[in-house]
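Protein chains in written order, with our numbering: chain Z, 566 to 678; chain P, 77 to 192.
Just so you know, these hints were derived from the structure itself, not from any lab. Worth double-checking, as some hints may not be accurate.
[Said to hold, decoys possible] Chain Z regions said to be covered by chain P (calculated; three or more residues, Cβ under 8 Å): (1) 587-598; (2) 601-607; (3) 664-671.
[What the hints assert, rightly or not] The calculated label-pair distances, taken between Cβ atoms and stated as ranges, are: (4) P:G128 <-> Z:A575: 20 to 30 Å; (5) Z:P678 <-> P:S145: 44 to 54 Å; (6) Z:S633 <-> P:S145: 34 to 44 Å; (7) Z:A647 <-> P:I139: 36 to 46 Å; (8) P:T155 <-> Z:P678: 19 to 29 Å.
Predicted model, so just to flag it, every value in this text is computed and none were measured. Cβ atoms here follow ideal geometry from the backbone N, Cα and C, with glycine treated the same way.
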Amino acid sequence: SQQGEEDPQALSIQEGENATMNCSYKTSINNLQWYRQNSGRGLVHLILIRSNEREKHSGRLRVTLDTSKKSSSLLITASRAADTASYFCATASGETSGSRLTFGEGTQLTVNP
Amino acid sequence: SAVISQKPSRDICQRGTSLTIQCQVDSQVTMMFWYRQQPGQSLTLIATANQGSEATYESGFVIDKFPISRPNLTFSTLTVSNMSPEDSSIYLCSVEGAGGYYNEQFFGPGTRLTVL
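Work out the full structure, taking the sequences as your base and the hints as a guide.
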């Protein structure tokens, strides 16, 4: 079965606001990765958080991981129209390398100028 | 990260034909993967392509339908055989362990396939 579930499925905000997307999963993981996809193009890797980490930052991105609740969140601060895209979480489990990613259903973010 | 290219970027094919998609990486990587993204949906792993050995397929995907080659550490191909309209999807390759990133998976730009 699909590992990740994301909510909301769609999110519409104004430029300058913060956007929060959530991801839940079912099994134990080695790491969790967040990606962005613009209009059906390739995926852009945003950030990886390992199972022993609780929070990571990268620019305007903040990712949290709660392994006890099997959930993660992606926060985009001070959003821009260019942030409009689909955002996916993907979990890696099993071997520590060569891990197969299981993707969530994604959140479609629209940032209105 | 790695620079990953795919060819073709898009194609429109007739039912019953086959299409081979190429994936090229600018550095040697051990692990390469092929994913499918059906219209409006998320990504599903097709197989893991290992250099020097047979590809490992996920449940629901078989070698006769999706043969994969991995002749070296920078290149892989995925063939979509005997296509039907249900095969219309974006096909993406990804790599792990490139550019000093141990666990991150980076994706190619994808191949958008339409089957008529």
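message: Need the list of violated hint numbers for this structure, in ascending order.
response: When the structure is compared with the hints, numbers 4 and 8 turn out to be violated.
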